[in-house]
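Produce the complete structure using the sequences and hints provided.
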Amino acid sequence: SSIAPGLGGASTCLPLTCEMPAMWLALSALLLGLGEARRQRHGASGDRLATASGAGGVSYGNPECPCIGIGNVEGTLYVDVGNSTTAEYPADMGSHCAAWDDGRDTLHCLEGQSPGKGASWCAQRWCYVDPCHCKGIVPTVTKSLYNVVHHGEPVYYSYETCGGKDEFTEENHKDACTVEKTEKACVEKDCSWHEVAGGSGKYACMAWEAAGLCGDMPDEDTWGKKECPCIHMSGLNGTLTVDLGEGETAQYPAEVGSMCKPWDLEHSTHCKGDTKASGCNQPWCFVDSAKCSEALKPATTTYLPGSVYQGRPLAYSYLTCGGTMPSEPPQGTARPEAAGALPEAAAEAENGEEKSQPVESPPVEYDHDAYEDEWHQEWRNGDHPSFEDLHPEFADPSPESR
Numbered sequence: 001s002s003i004a005p006g007l008g009g010a011s012t013c014l015p016l017t018c019e020m021p022a023m024w025l026a027l028s029a030l031l032l033g034l035g036e037a038r039r040q041r042h043g044a045s046g047d048r049l050a051t052a053s054g055a056g057g058v059s060y061g062n063p064e065c066p067c068i069g070i071g072n073v074e075g076t077l078y079v080d081v082g083n084s085t086t087a088e089y090p091a092d093m094g095s096h097c098a099a100w101d102d103g104r105d106t107l108h109c110l111e112g113q114s115p116g117k118g119a120s121w122c123a124q125r126w127c128y129v130d131p132c133h134c135k136g137i138v139p140t141v142t143k144s145l146y147n148v149v150h151h152g153e154p155v156y157y158s159y160e161t162c163g164g165k166d167e168f169t170e171e172n173h174k175d176a177c178t179v180e181k182t183e184k185a186c187v188e189k190d191c192s193w194h195e196v197a198g199g200s201g202k203y204a205c206m207a208w209e210a211a212g213l214c215g216d217m218p219d220e221d222t223w224g225k226k227e228c229p230c231i232h233m234s235g236l237n238g239t240l241t242v243d244l245g246e247g248e249t250a251q252y253p254a255e256v257g258s259m260c261k262p263w264d265l266e267h268s269t270h271c272k273g274d275t276k277a278s279g280c281n282q283p284w285c286f287v288d289s290a291k292c293s294e295a296l297k298p299a300t301t302t303y304l305p306g307s308v309y310q311g312r313p314l315a316y317s318y319l320t321c322g323g324t325m326p327s328e329p330p331q332g333t334a335r336p337e338a339a340g341a342l343p344e345a346a347a348e349a350e351n352g353e354e355k356s357q358p359v360e361s362p363p364v365e366y367d368h369d370a371y372e373d374e375w376h377q378e379w380r381n382g383d384h385p386s387f388e389d390l391h392p393e394f395a396d397p398s399p400e401s402r
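The sequence shown begins at 1 in the numbering used here and counts up one residue at a time.
Fair warning: there could be bad hints in the mix.
[Claimed, not checked] SDA-like mimics (lysine to any residue), calculated; alpha carbons at most 25 Å apart, straight line: (1) K225 <-> E170; (2) K117 <-> E170; (3) K272 <-> T241; (4) K276 <-> Q251; (5) K297 <-> T324; (6) K261 <-> K165; (7) K165 <-> E227; (8) K291 <-> E227; (9) K297 <-> G322; (10) K261 <-> G245; (11) K165 <-> L110; (12) K117 <-> T86; (13) K225 <-> T333; (14) K272 <-> E248; (15) K276 <-> G322; (16) K189 <-> Y146; (17) K174 <-> A99; (18) K272 <-> P329; (19) K174 <-> Q251; (20) K225 <-> P253; (21) K297 <-> D219; (22) K225 <-> D288; (23) K276 <-> D243; (24) K225 <-> L296; (25) K276 <-> G201; (26) K189 <-> G201; (27) K272 <-> G332; (28) K174 <-> L110; (29) K165 <-> E180; (30) K272 <-> A290; (31) K225 <-> E294; (32) K297 <-> E328; (33) K174 <-> T106; (34) K261 <-> D219; (35) K261 <-> A250.
Just so you know, these hints were derived from the structure itself, not from any lab.
In this text the structure is predicted, and so the values were computed from the model without any measurement.
Pasting the structure below:
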């Protein structure tokens, strides 16, 4: 899809690997060990596609590799679909399984185009996933969301988790590791030929995070506490319509709540002028209510009414960012509903589909010691690598290439 595809880029070398093949070999050996450890932790995995819904309802993908992203929100994202062309997508693109490109990619997925509306990859369902939470599925790094990160890691996409067929990547995203089918070709691309997590015995070519090199959270002051991390994607190009109450709305950046920042200070009308509302200067971010303890006081946001994360009401927290929760928080104080309950506003899908149910993502599989000792030492020293640092093959993307 045009969100899932690449935008080009000449080099596919990761840091150190072009100039230090010995390091790559060491990392490859490390990954083999990580694969064995992951297999022992996970056990066998089935091929079931467990949608988080009934027939016709919203699906958050296979629970072993669930979709990520904030759903059921009002706003627009601007995406480069190639040839210096930008297309508008809904602000919740990739947050659940859908044929997001069909009728939206203005170069490839409209009537009369190739492959055209309703055809091939335009009509296939996919969503964004966290490679560090995937088991039995090999996702692909997206390059159309240039410079966007999730938990400080590159964003990946998957058709497979949605039961879709990936008819896009092999022909249109040739830089992707997942297009290589042999160990030799995989190694030459500086990717990892690695066992698919889940103990299946199957090997595939995959990018580093999908192979198990998931780093520690770089900085709790930026990404929230490890036991209650920020969940939204940082670097999105677009806007979200935020409900400030009493009929007043404001346009916030689409990446609002993706990291610890005093988001209201710059964007809320209640934080302008000499008399500012309480808490304007306090950092906060959106969090997963199912992953946060009551001590961190996650509360259901009123900024984005009916919004969800993996089917659960979207929550926010000041305390995970080291901030102080104001006495009268602008987003409200309602505690998240029990996991499994959905607010009425989020119970219906975009096209009148049936009610969905929340999906519980598998535990994070960060291998902190291996990552910190062998890869990206700068993370331990507080130097948070950019998207280009993590994947320099994405730097200086060619607008003529998808």
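Hint check results:
Distance restraint check for K225 and E170: the Cα-Cα separation of roughly 38 Å exceeds the 25 Å cut-off, and the hinted pair is therefore not satisfied. At roughly 20 Å between alpha-carbon atoms, K117 and E170 fall within 25 Å of each other, so this suggested pair holds. Distance restraint check for K272 and T241: the Cα-Cα separation of roughly 18 Å lies within the 25 Å cut-off, and the hinted pair is therefore satisfied. Distance restraint check for K276 and Q251: the Cα-Cα separation of roughly 18 Å lies within the 25 Å cut-off, and the hinted pair is therefore satisfied.
Straight-line distance between C-alpha atoms of K297 and T324 comes to about 11 Å, which keeps the hinted pair within the 25 Å bound. Only pairs whose Cα atoms come within 25 Å are accepted, and K261 paired with K165 is rejected, the gap being roughly 38 Å. Of the supplied pair hints, the one linking K165 and E227 is violated, its CA atoms being roughly 35 Å apart against a limit of 25 Å. Our distance criterion of 25 Å between C-alpha atoms is met by K291 and E227, whose separation comes to about 7 Å.
Taking the CA atoms of K297 and G322, the gap is about 12 Å. The hint holds against a cut of 25 Å. Between K261 and G245 the CA atoms are separated by roughly 21 Å; this keeps the pair inside 25 Å, and the hint holds. Distance restraint check for K165 and L110: the Cα-Cα separation of roughly 20 Å lies within the 25 Å cut-off, and the hinted pair is therefore satisfied. Note on K117 and T86: the hinted pairing holds, with a Cα-Cα distance of about 18 Å set against a maximum of 25 Å.
Restraint check for K225 and T333: the C-alpha separation of about 20 Å stays at or below 25 Å, so the hint holds. Note on K272 and E248: the hinted pairing holds, with a Cα-Cα distance of about 14 Å set against a maximum of 25 Å. Straight-line distance between C-alpha atoms of K276 and G322 comes to about 21 Å, which keeps the hinted pair within the 25 Å bound. With a C-alpha separation of about 20 Å, the suggested pairing of K189 with Y146 holds against the 25 Å cut-off.
Only pairs whose Cα atoms come within 25 Å are accepted, and K174 paired with A99 is accepted, the gap being roughly 21 Å. About 16 Å separates the Cα atoms of K272 and P329, which keeps this hinted pair within 25 Å; it holds. The straight-line distance between the Cα atoms of K174 and Q251 is roughly 37 Å, outside the 25 Å bound, and the hint therefore fails. As the CA atoms of K225 and P253 are separated by approximately 23 Å, the hinted pair is consistent with the 25 Å bound.
The hinted pair formed by K297 and D219 meets the criterion: a straight-line CA distance of about 20 Å does not exceed 25 Å. As the CA atoms of K225 and D288 are separated by approximately 12 Å, the hinted pair is consistent with the 25 Å bound. For the given pair, K276 sits about 18 Å from D243 by alpha-carbon distance, which is consistent with the 25 Å threshold. Distance hint between K225 and L296 is fulfilled; the C-alpha atoms sit about 9 Å from each other, no more than 25 Å.
About 59 Å separates the Cα atoms of K276 and G201, which puts this hinted pair outside 25 Å; it is violated. For the proposed pair K189 and G201, the alpha carbon gap of about 22 Å is at most 25 Å, so the pair holds. Distance check on the hinted pair: K272 and G332 sit about 20 Å apart at the alpha-carbon level, within 25 Å; holds. This hinted pair checks out: K174 and L110 have alpha carbons roughly 23 Å apart, not beyond 25 Å.
Restraint check for K165 and E180: satisfied, since their Cα atoms lie roughly 17 Å apart, inside the 25 Å limit. The hinted pair formed by K272 and A290 fails the criterion: a straight-line CA distance of about 34 Å is larger than 25 Å. Using a Cα cut-off of 25 Å, the hinted pair K225 and E294 holds, with the two alpha carbons roughly 13 Å apart. A threshold of 25 Å between alpha carbons decides the hint, and for K297 with E328 the separation of about 14 Å falls inside it, so the pair holds.
About 21 Å separates the Cα atoms of K174 and T106, which keeps this hinted pair within 25 Å; it holds. With a CA separation close to 13 Å, the supplied pair K261 and D219 stays within the 25 Å bound. The straight-line distance between the Cα atoms of K261 and A250 is roughly 17 Å, inside the 25 Å bound, and the hint therefore holds.
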